[in-house]
Amino acid sequence: MANSEAIAAAFADGPAYVPYLVVGDPDYESSKAYVEALDRGGADVIELGLPFSEPIAEGSTIQEALVRSLDAGMTPTRFFEFAEELDVDAALVCMTYYNLIYQYGEGEGPRPFVERAAAAGIQGLVVPDLPAEEADPLREACDEFGLDLVFIVAPTTRGDRLDRMMENVSGYVYVQARLGTTGARDDVSDQTTESLDRLREYDVPKAVGFGISTGEHAERIVAGGADGIIVGSALVDVVAEGVAEDLSTDEVADRLEALSRELKEGARRGYRSRTEAVESA
Amino acid sequence: MSETDTRTTEEPNDTAPSRRPGRERGRDDGKFGRYGGQYVPEALMPAIEELADAYGRYVLNNEDGFMDEFRERLADFGGRPTPLQRADRLSERYDTEVYLKREDLLHGGAHKLNNALGQVLLAKYMGKERIIAETGAGQHGTATAMAAAHLDMPCTIYMGERDINRQRPNVFRMKLNGSEVKPVTTGRGTLKEAISETMRDWAETVEDTHYVIGSIVGPHPFPVMVRDFQAVISEEAREQAIEKTGGLPTDVVACAGGGSNTMGTFAEFVDDESVALHAVEAGGSTLEVDEAAGVAPNSASLYAGEEGVLHGARTKLLQDSDGQIMESHSVSSGLDYAGVGPELAYLVDEGRVSPVAVDDDAALEGFHRLSNTEGIIPALETAHAFGFLEEHHEELGERVVVNVSGRGDKDLDAAIEETDQRDVPNAPDMSMFTEGM
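Here the protein sequences come in this chain order: S and E.
Heads up, the first sequence is in this note's numbering, so the first residue is 6 and it goes up one at a time.
Heads up, the second sequence is in this note's numbering, so the first residue is 60 and it goes up one at a time.
Please note that a few of the clues may not be correct.
[What the hints assert, rightly or not] Some chain S residues near chain E, calculated using beta-carbon distances under 10 angstroms:
id : residue
1  : Pro60
2  : Glu63
3  : Ser65
4  : Tyr103
5  : Asn104
6  : Leu105
7  : Tyr107
8  : Tyr109
9  : Glu113
10 : Val158
11 : Ala159
12 : Arg163
13 : Arg166
14 : Met170
15 : Tyr179
16 : Gln181
[As the list claims (entries may be wrong)] Covered stretches of chain S, going by a simulated chain E footprint (3 or more residues, C-beta under 8 angstroms):
id : stretch
17 : 74 to 86
18 : 134 to 143
Read the hints as simulated data drawn from the structure, not as lab findings.
Yeah, the Cβ is synthetic: ideal placement off N, Cα and C, and Gly gets one too.
Take these sequences, add in the hints, and give me the full structure.
Here is the structure:
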C-alpha cells in the first residue's frame, strides 16, 4: 500500500534514485546546499538522517557524520525547520531512531513527531531500530497523517517475519543488500539477488541499499530487479572528504551532484537492459 | 515467542530455573508492563529469535542437560555456592542483623561469571563459534574471557577507551585469558558506546557469533535470560537465610547499574511480599543534569530517568528532552550506564523495588567502612550498597541481606585517587600512596 502519492510517483516511472545524507553535517547551511545538490543530480526520494546519539545500525562513516551534526547543534526541532526550508522536487523521507520519535513533543507516543513531520513536508519514515512487532502506534500515526512507513528487509529476513513486515510496509521496502551496518563497499553482494528473489511476489517497490557507491553498482542492482537504489555512505564520504580537505561548500555540492548523476545514469542503464531483456524474451 | 511454549509440556527439572510467578514475568514475550521489547535492527531479529528459542529449550527446559552442566560448572569452575555471612561489626554498628551474600568470592571476584558462563555455554549448545561482549568496568569482560577460555571459544571484547584507562588490570586479565580487547573511541568511550559497537559487530556476524550481553538490558530474551542465570544469587541467599536465621530477611539490598546483580539478588524474593527490596544507584556527584552539555553526572536511571528506548529495550533512561542519551557518570565504571534493565524499571513503577541514589562521597565511605570493619574490600559498585546502609539503616528491618557483588582489587588505583580528591572521614592515612600524584 501507499500513503504518499509523491513516493508512489517516484517509483512509478523507471528506477528511483534514493540518496541519504545526515541533516546538519557538517553544519546547517552547508547541509542544505548538499541536499539540494542531490535533488539537482536527479534524486527521486531523499532520505534525511536525523541524528541520534546511539545509532546502533550505522557503520563508522555515517556514525561520524551523525556526531558532526550533533556537535553542530542539530535537534529534531531544527531538523523540521531544515526540511521546511529545502527547495527540492524529490519526496522527503526521515530516517531516525525510535527514541527521538517517541520523545518528541507533548504527550505520549509517536503521534506528535509524525504530525510535525507531515507539516514539514516529510512523506515517509525509516526507523532502523523499530521492528514490525513494535510498530503499531507509529504505523497508526503515519496512516493518520499520510506518511509511508518503510521497513528494512535483511538478508536473514524470511518466512513469517517477512510476511508480517510486508503486511505493514508502505511506500517502498528498503532491501538491505548484505549483513552488517551501513558503509560503502566495492562488491555488490549475492545476498541482494537472493533478497530480491524472495521479495518478487510482494507488490511493493523494492529499493536496495547498503554498500552502493558507483554507477556500475547501481546498474547491476537495477538490472537484477531492484526498483530503486538507496545510497548513503558513499555520499556521506564526499561530505567527510570536504571536511577533511577543507573544501568549499560549492565544491562539495558539485561533487555530490556529479556522483548523483552517475548513480542515476547507472540505475537507468540497468533498467534499460532489464526491460530490453524482457522485450526480447 | 510461541517457540518457548513447549516448556509447559515437559516435566520441571531440579536444576531448571524457578517457576514462581515473579520469575515467569517476561519469559514468553519479553514484556514487563510497558517496558522491554525487541527494538533492534532487522538484521538482528533472526538472531534474537533463535536465542529466545534456545533460552526456552536449554535454560527453561534443561534440554540436553544444559542446566545440569551449567550448575556443575558454576560449582566446579566458579566455586558456588557462595556463603551468606553474618557481618558482626556492621550488625553491631547498625543494631540490626546484617548478612553479606559473598559474590565477591565467586571465581573472578564478582557476580558476573554467573551470566557469562551461562551464555558462553549456551552459545556452545547453539553451535555458535565465536563470542563477543561489551564491558564497562571490565568485570563482565573478564568473566566472559574466563568463560570463553574455559569452554574453548574465541572471544572479542569491546571496551570504551576511557574505561580501558580506568581499568588496566582487567584489560590485562582478558588478554591473559586469550581474548582480543577492542577499544571503542566514540562518544565518551564508556559502556553505552561499547554496547553500540558490539551490536554493530553482531549485525555483521550473527550467523556464527553469540553476543554475551553483560546485564539484564537489551532486547528480549536477554533481560529474562541474564536474570535467570544471575538468579542463582537469590536462590542460594533465600535458602541460606532461612537455614541460618529461621526466616526470610526483612530487607534485601543491592547496587544497581544495568541491574544484573540487582535482579539476581532480588529475583527469588520478588514474590515474598514481606521482603523490602532496595536498588542502590550511583548518585554520582549530583542528581542535577546539564542538558546543554548532554551530561548527567550520575547513573541513577531508576531514580531520575525517564521512559525511552535504548539498546533494544523500552526502559528508564537518562536522556535530554529531545531523547538524546546523556553521558552518565559514577565513581564506579560498572554502574556508569544511562539505562537500566526493563524488569527493574517495571518493579520500581509497581512499587515493589525502592530505588535510592547514593553519591560518590558516600560510596567512598562505604568502600572504606567495609574494608576496615569487616576485612572485605568491596568493588566501588558494591560500595554504594554500604553507603546506603550507613545513610538509611534506621529505616530498615531487623534482618538485612546485602549483596557484595564484587571485590575491590580492580579498584585500588581508583580508590587511591578518589579518596585523595575528597575528605573521606574513615579513610586511612593515604599520604604514602598519593605523594607525587
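Here is what the structure says about each hint:
no.: 1; hint: Pro60; in the structure: holds (7 angstroms)
no.: 2; hint: Glu63; in the structure: holds (8 angstroms)
no.: 3; hint: Ser65; in the structure: holds (9 angstroms)
no.: 4; hint: Tyr103; in the structure: holds (5 angstroms)
no.: 5; hint: Asn104; in the structure: holds (4 angstroms)
no.: 6; hint: Leu105; in the structure: holds (5 angstroms)
no.: 7; hint: Tyr107; in the structure: holds (6 angstroms)
no.: 8; hint: Tyr109; in the structure: holds (7 angstroms)
no.: 9; hint: Glu113; in the structure: holds (9 angstroms)
no.: 10; hint: Val158; in the structure: holds (7 angstroms)
no.: 11; hint: Ala159; in the structure: holds (4 angstroms)
no.: 12; hint: Arg163; in the structure: holds (8 angstroms)
no.: 13; hint: Arg166; in the structure: holds (6 angstroms)
no.: 14; hint: Met170; in the structure: holds (8 angstroms)
no.: 15; hint: Tyr179; in the structure: holds (9 angstroms)
no.: 16; hint: Gln181; in the structure: holds (6 angstroms)
no.: 17; hint: 74 to 86; in the structure: holds (count 4)
no.: 18; hint: 134 to 143; in the structure: holds (count 5)
In this structure, every one of the numbered hints holds.
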